Amino acid sequence: MNDPILPLKERMKIDRQSMPEQDATQRSGNFLEVNLGFTEKMALLEAQRCIQCKEPKCVQGCPVMVNIPRFLDFVVAGDLAGAARSLFGDNALPTVTGRVCPQETQCEAQCVRGVRGKPVAIGYLERFVADWARVNRDAVKIEPLAATGKKVAIAGGGPAGLTAAGELVKAGHEVTVYEALHKPGGVLVYGIPEFRLPKQIVEEEVERLVQAGVKIENNVVIGRTYTLPELRATFDAVFIANGAGLPVFMNVPGENLKGVYSANEYLTRVNLMEAYALDSDTPILRARRVAVVGGGNVAMDAVRTAKRLGAERAILVYRRSRAEMPARVEEVHHADAEGVDFENLVAPLEVIGNDRKWVTGLKCQRMELGEPDASGRRSPKPIPGSEFVLECDAVVVAIGTRANPLLTSTCPDLKLNRWGNIEADDSGMTSIPGIFAGGDIVRGAATVILAMGDGKRSAQAINTYLQTS
Amino acid sequence: MHLVTAKIQLSPNVTRLDLEARRIAEIRQPGQFVIVRLGNGAERIPLTIADADPARGTIALVIQAVGKSTRELVALEVGDSILDIVGPLGHPTEMIASGRAVCVGGGVGTAVVHPIAHGLAERGVEVISIIGGRSREWVIFEEELQRLGQVIVCTDDGSYGRKGFVTDATREVLEAGGVDVVYAVGPVPMMRAVANLTRPFGVHTIVSLNPVMVDGTGMCGGCRVDIGGQTKFACVDGPEFDGHLVDFDLLAERLGTYREFEQQASTACEAGSCRVGLTRPAPSLPVQP
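Line by line, the protein sequences give chains A and B. Counting in the working numbering, the first sequence runs from 10 upward without gaps. Counting in the working numbering, the second sequence runs from -1 upward without gaps.
Honestly, the hints are just simulated from the structure, not real lab data. Check before you lean on any hint, since a few could be wrong.
Covered stretches of chain A, going by a simulated chain B footprint (3 or more residues, C-beta under 8 Å) [as the list claims (entries may be wrong)]:
| hint | stretch |
| --- | --- |
| 1 | 261 to 271 |
| 2 | 275 to 289 |
In silico PhoX-like cross-links for lysine-lysine, where the CA-CA straight-line distance does not exceed 25 Å [what the hints assert, rightly or not]:
| hint | chain 1 | residue 1 | chain 2 | residue 2 |
| --- | --- | --- | --- | --- |
| 3 | A | Lys22 | A | Lys50 |
| 4 | A | Lys160 | A | Lys208 |
| 5 | A | Lys372 | B | Lys230 |
| 6 | A | Lys179 | A | Lys127 |
| 7 | A | Lys366 | B | Lys161 |
Treat the numbers as computed from the prediction; the structure is a model and nothing was measured. Beta carbons are placed, not taken as given, at the ideal position from N, Cα and C, and that holds for glycine.
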């Protein structure tokens, strides 16, 4: 880095750097990553926008408490290896979180630069440093402590499980991750599309763990191949991170017509099973008009995927207004730029089909916003007489998931809440000693970073448990 | 990797593969299935476990070659291997403890009926197997079922056993009385016909459904079936259900979701471009008829 480090006053004058991205028209026809990443020069400028607060609020806003000012200070000093070591020390998967975290409601929401102007682009900088470490692989290595002789099983190879695996192998334990699918990564490989998180990145992160000694066994369904009590009997501790599981459907007539998908199925076919490639063995309906129901990140992923699969109209149907959408702001912007049609304040009533049981439309009703509900968002109320039919050839339902009972049903002693999620304390400890749980199976459908936070905290709790048991 | 340890051609388009899968061989129960994936890029195919040898650590899968993926599977030889096998999945068969059971198998469904009949016979249930095929060469698992009880073979052309459909023989057995439960596995029209037949007799009828499936753990919901007006996932709630409650029309329609894709893939496969892929025409799937 050639540019000199600027004094504080000058730093305040730097504008937030914009993320270079693939042209919207071009990218809506391919599955390549949308965001292209900062250049080194941009990263240096942006990192200098951080004024190194003595009590950095951004760190408090991060579910895994990344020491943000510290790694940014390394960037400013031109020591990218130092930045990478600092970052990876706090966060097991920064290449992932730098791409998929909702920074605008977490670290960046707390940044003092955001009070008068725009916050430091912490997410983009995290991605820059993490990507640097992808190329410079030797800069960051997991170096496990002396072997403890303790064995830990992890049920589920998603963000929570992989994070816990990294932390536990570092501590010197023997770690085995059991993954139900044929490839580890969980939602990172079956759910989040290539254009937002290239699969190569997940593979590299998994490889890093394997090199550090983590054993990964694919095609093992805990609850079927092995029961939870069987695992508990062979391992010193178990961490359950098997995800949210079952897709929720709308419970409206016509939902089993041909052409109605859960977002899980639609995205799994395209991502994990690679149906986006024309020569894939896995089929996907390349419908002309696709209606996606929901307003979260998964809905956004599905509707942008539909566009890329060649849909003339990819329509997002959401029952509240844009302001209430739980999706990352950047994804909503990207979807908009790519030509996604937004049908906001619209709720589906029925899926309409023809005599051969193919979808032909979605009967909907217009909504208006009333008083705030329990979640604090204004609740939608139907407008009488506003029914209409949205013509479409496929419907993707992205309104959430609920707990999958496959694992928990094999262990009646495990305490569940009334929705079937596992009850765990702040450290992830469940009602059974030695069994910990985290991620969506505890929280219900949440985010990658919250799952990772659970993985990290549970790993620490497991360490303590193993030292005292 | 799962080694193919034995291969038997059971009928002109039905092949039995024995595969190494120790854990599954040890714990599987009648009615359960696995999902196999031949290699990288291949489809995930759900297949019911037809038999298992816990001592050898092998499971038997009986595969009807109908499309590209199944044809690739049956092209495997002893010594070849399959990349992924996951299971055992689904609920085990709900078995009666005593009495008389009729096990009806149509075509490749007979391979699914076999472990059920085996499990029943082990418990001391009297098993009557009614199995069918187009003609003699299409009848499978007759010998294995003979060991478990009476077997009535039906062929469409009368070339073997009695001439006619399995439903005709089933009706006669029902009319003779004393049947406690009927298990029926085969093509959708056959299972529907058997369920319609047993309904007036008031005999509990269990069918095994094989809808389109991806993960097999309840995650995708692609295998939705309508059971008595309620949506169930065949992979985790089934695959066996009360035949009197199944919406067979919906099942048949949903099974046809990818027919056009499968035909294109299959044509390309016959043309010799299997596993090469790139020469296959892009699957354009008009959703409107």
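Structure-based check of all given hints:
no. : hint                : result
1   : 261 to 271          : holds (count 6)
2   : 275 to 289          : holds (count 7)
3   : A:Lys22 x A:Lys50   : holds (16 Å)
4   : A:Lys160 x A:Lys208 : violated (29 Å)
5   : A:Lys372 x B:Lys230 : holds (23 Å)
6   : A:Lys179 x A:Lys127 : violated (37 Å)
7   : A:Lys366 x B:Lys161 : violated (35 Å)
Of the hints listed earlier, those the structure fails to meet are numbers 4, 6, 7, in rising order.
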